[in-house]
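Using the sequences and the accompanying hints, generate a full structural model.
One letter stands for each residue in the lines below.
Protein chains: 2
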Amino acid sequence: MGFWKSLFSTSDRLSAPVKIQQEGRGAIAAEPRIVFSVDRELDLYELEELCDAVGWSRRPLRKVRKALQHSFLVVSMWEERPARRRLIGFARATSDHAFNATIWDVVVHPQFQNKGLGKALMKYTIKKLKSEDISNITLFADPQVVEFYRRLGFLLDPEGIKGMFWYPD
Amino acid sequence: MGFWKSLFSTSDRLSAPVKIQQEGRGAIAAEPRIVFSVDRELDLYELEELCDAVGWSRRPLRKVRKALQHSFLVVSMWEERPARRRLIGFARATSDHAFNATIWDVVVHPQFQNKGLGKALMKYTIKKLKSEDISNITLFADPQVVEFYRRLGFLLDPEGIKGMFWYPD
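In the order they appear, the protein sequences are chains A and B. Mapping of the first sequence onto UniProt numbering: position 11 corresponds to residue 11, and the numbering continues sequentially without gaps. Mapping of the second sequence onto UniProt numbering: position 86 corresponds to residue 86, and the numbering continues sequentially without gaps.
Note that these hints are calculated values from the structure, not bench results. Please read all numbers here as calculations on a predicted model, not as lab measurements. Beta carbons: idealized from backbone N, C-alpha and C, even for Gly. Hints are all accurate, no fakes.
With the C-beta cut set under 7 Å, the calculated list includes, among others, these residues of chain A facing chain B:
1. Lys63
2. Phe140
3. Asp142
4. Gly153
5. Phe165
6. Pro168
Following this line, the structure appears as structure tokens:
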């Protein structure tokens, strides 16, 4: 699953702990932790389940695997309990390893939204890209998340530069 | 200079010949041809000269080399005469090799602009990306070239999707 493993350090714990809902496990459940990683092996079915949960169209796993292999950065976000870990967020970036990186497929599981975890995921992603000396981080934002990215410091159409798409027939 | 060499076939001649100014070489000059390639070795100084000609800021050659090595596709456009070839256009794309490709650094030498060569360069680039089964071709267009890309079939902010940029401090 790829060469980005060699580029970054191993998993990082979230520096500012985020309070997570206990999912009704009661008093015996240990406090779950949120962990970010750029080098954990991903189960493609677990990733598909995460993308299903936010209503994305299914994509062939063969192509998903290829896209992960050829992404510059693959970030995963996990809820960790003593007994199990669960994939709750994901983002990746393509890049020329020098000037430009483009972030794709940012997702946070609906049960974990509105807790600051999307922001934490993006900050972690930006930090990793900055550490690789990327000059310019770009993305294409759906209308409902433009404000979210703006608050993170992304500029909309700077100097009139416009995002454009071409879809094969 | 890179793995994209293995991905595509060798140089293609422009199917519809483009009339090129003869640069005052007189009657003995053979008709120059325009040739496109995805696998020709590029002289970084010649590429820098081309980018200088359109007024781009200089970039460290070390980073340019790295960016070319890690681009999915590097397209060059050449004017060929019997005695010499000259780099007159360039474009490249980053990609995850599966879903998304993003086109960067599209340039045509000023002496060769307004002859349909920018359009030919982009059509060639799109054809190559299509042949690799890329689902989605994107780019970030400066205001003065939005119309150019629109005429090529690129959509501006489709479904309200917005291009956003984050510049490291």
